[in-house]
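*Asks:* Given next are the chains, with one letter for each unit.
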Amino acid sequence: MIAPTILRHADERQKQEYLPALFRGELIACQLFSEPDAGSDLASIKTRAVRDGDRWQITGQKVWTSGAHLADVGEIICQTEPGPRHRNLTAFMVDMHAPGVTVRPLRQMTGGASFNEVFLDDVEVADTARIGAEGVGWRVALTTLSYERNAMGHSSFGGAGILSTDRLMQLIRHAGLANDPLVKRRFGELVTELRVVRYAQEVMAERMRAGQSPGPEIAINKLALSANMARLGDFVVSVLGPRAIADTGEWGTYAWTSVVLGAPGYRLGGGSDEVLKNRLAERVLGLPKPT
Amino acid sequence: MNAVRVRPDLAVSGEHKELRSMVRQLMADTSSSARLREVMETEDGFDRATWSTLAELGLLALLVPECYEGLGQGPVESSIIFEEMGRALYPGPYFASVALATNALLCSGDGAACSDLLPGIAAGSTIATVAIAEAVTPWGSPNTVCTVARPDRDVWILEGAKSFVPHGHVADLLLVTARTDAGLSLFAVESADAGVEARALTSLDLTRRLAAVTFAGARARLVGADGEAGPVVASTVDRALIALASEQAGGAARCLEMSVDYAKQREQFGKSIGSFQAIAHRCVEMLQRVEFARAASHYASACQATGAGELSVAARVAAAYCGRAYRWTAAENIQVHGGLGFTWEHDAHLHYRRSWASETLLGNADEHYLAVADRVGLGQEKGAA
Chain A
1 MIAPTILRHA DERQKQEYLP ALFRGELIAC QLFSEPDAGS DLASIKTRAV RDGDRWQITG
61 QKVWTSGAHL ADVGEIICQT EPGPRHRNLT AFMVDMHAPG VTVRPLRQMT GGASFNEVFL
121 DDVEVADTAR IGAEGVGWRV ALTTLSYERN AMGHSSFGGA GILSTDRLMQ LIRHAGLAND
181 PLVKRRFGEL VTELRVVRYA QEVMAERMRA GQSPGPEIAI NKLALSANMA RLGDFVVSVL
241 GPRAIADTGE WGTYAWTSVV LGAPGYRLGG GSDEVLKNRL AERVLGLPKP T
Chain B
1 MNAVRVRPDL AVSGEHKELR SMVRQLMADT SSSARLREVM ETEDGFDRAT WSTLAELGLL
61 ALLVPECYEG LGQGPVESSI IFEEMGRALY PGPYFASVAL ATNALLCSGD GAACSDLLPG
121 IAAGSTIATV AIAEAVTPWG SPNTVCTVAR PDRDVWILEG AKSFVPHGHV ADLLLVTART
181 DAGLSLFAVE SADAGVEARA LTSLDLTRRL AAVTFAGARA RLVGADGEAG PVVASTVDRA
241 LIALASEQAG GAARCLEMSV DYAKQREQFG KSIGSFQAIA HRCVEMLQRV EFARAASHYA
301 SACQATGAGE LSVAARVAAA YCGRAYRWTA AENIQVHGGL GFTWEHDAHL HYRRSWASET
361 LLGNADEHYL AVADRVGLGQ EKGAA
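Here the protein sequences come in this chain order: A and B.
Residues in the first sequence are numbered from 1 upward in steps of one, following this note's numbering.
Residues in the second sequence are numbered from 1 upward in steps of one, following this note's numbering.
Calculated from the structure, these hints are not laboratory results.
Among the hints, erroneous ones may be present.
[As the list claims (entries may be wrong)] From the derived model, a few chain B residues whose C-beta atoms are all more than 12 angstroms from chain A: (1) ARG20; (2) LEU26; (3) SER125; (4) CYS146; (5) ARG219; (6) ILE279.
[Said to hold, decoys possible] Below 27 angstroms or equal to it, Euclidean Cα-Cα: the simulated DSSO-like pairs (lysine-lysine) are: (7) A:LYS46 to B:LYS271; (8) B:LYS17 to A:LYS289; (9) A:LYS46 to A:LYS289.
If you're wondering where the values come from, they're calculated on a predicted model, not measured in any experiment.
Each residue gets a CB set at the ideal place from its N, CA and C atoms; glycine is no exception.
Start from the sequences and build out the full structure, keeping to the hints where you can.
*Replies:* Below is the structure:
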């Protein structure tokens, strides 16, 4: 998400500074976008960066920042000028270990804590850490979001993870239901939905290889991810029955509840499904701005 | 899973784009809504002049190998044509002749039958179709076929009845499954034979009529080996399902376009209805299904072209997904259009009818889901990778 943003918007020196370390895994980056009062309406963020010569002072609060507690740097979007909406924002790379940065973990409904609140109190950032020109931060943010949705979409069809066909077949066989016609039909439907997303992403990847950059339609993949995570939860609970609501200690059963508990988060992360639909309606279908 | 993992080639070439725009233009010129409504009222249900144009342009010869006087193009090229025809609800026997009959002959592996029969199909002088289903037997269960064939000197004699035969009322050549002492077999029968009687059925889809065909001592030619038609039927149905999926993707794309155009132009409460999220989000959900349906049918046809290992799964994934996607978008399209969409004059119902008929013709989504589960290896003791 962040490396492709740097690749597209940063200058040569910044690319040298961040990209090799990011790709080697020596540097972990997070994305400081949402705020308590700017969620779906991201452009209304209030965190301010004030210029002082070749330095900037950043003050504000960010939220839902995945991995902030592990990150070394963060891509932050700040308000830098009074200008009109969408043209008053600027992007920076901020050192997450700098004085004035406080990271506080948030506990999710799953019980885990992978995202955080981040408080910035007069955090000093050099102008050389600015990504893109002043006032074009919205464009930088959209690039990151588009790659985020694409990356989320990539996890929506399986591979080796919880959505893999093999893992699901193991679960069904373990439950002794491989010959149950209802389970078989539901499994066939789930596999169909997962494969279609995989095929679609291979077709989109081929378009990108042919030189077309991913357009706003890429957000469809994120919608597919949230729908498929919900379908997966539905399916595994139907296979597990009561073993999904209480831990009997039997291996490979209750652990699947993390899917059920995690599913609502997918509909919200990376832009809520509803906000993405507004954007797709406007940008891809050319419908008037939704009211 | 497969010893050789061949990847499908998903590239879209300049030739593909030219082919698409050529067929789209042809459909606009010959199968406009007004023209479609004229021809669907005729006895044939399609326009023979347009059929000749398709033949002249080589579209009927596309899938036929060059050694049988065809153009030797592949499933990816033909899927482009099916998608465009699906958009336009093309009412002629293209699906019957190309997706069903041409594929059945090619799948039979019978070189002599291909040499004798494919050139006529490629030239458009022979309209061909496939008769597999019977009144109580769907396409997917060839083993319950009641039609029988017995040898009589150098020919075979067919007795029985087939139903749900696409364009069976206008076909010159029928490829028919029948049981012999050796098992399920495939036969070629000329509809001009005195023992053949074809009758168009009142069909839900006004733009693709189905027929009942009876065989009373009809003279037939065995295609492929006696008793070996089971796998031929299975691969013909898979290939036809991929073509059908492309048609469905095209039809769904057209429904989305109609909805979006109307949503931009229709005003209520002083605004265009497309600015209401209830309508806009519905259109986006249509968009998602259209994009995925197009990708799934493209992917499946590309698997067929390269013989990719994923083909058997991809064929049924595309069939299940595209069938549902088209039916869903066709229904939502009516909803977006309001009362107007429920009128006879509006084309929305033609797509709605086609979507139901197409989803049911060669097996429905439940059957495809079960096939997908089998084909990824659920029934096997140890899972396929």
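*Asks:* Against each hint, give a clear statement of whether it holds in the structure.
*Replies:* Right, here's what the structure says about each hint:
1. ARG20: The claim holds: ARG20 (chain B) sits with its nearest Cβ about 15 angstroms from chain A, beyond 12 angstroms.
2. LEU26: holds (25 angstroms)
3. SER125: With a cut-off of 12 angstroms, SER125 (chain B) remains clear of chain A, as the shortest Cβ separation is near 37 angstroms.
4. CYS146: holds (26 angstroms)
5. ARG219: holds (42 angstroms)
6. ILE279: The claim is violated: ILE279 (chain B) sits with its nearest Cβ about 8 angstroms from chain A, within 12 angstroms.
7. A:LYS46 to B:LYS271: violated (32 angstroms)
8. B:LYS17 to A:LYS289: violated (32 angstroms)
9. A:LYS46 to A:LYS289: holds (24 angstroms)
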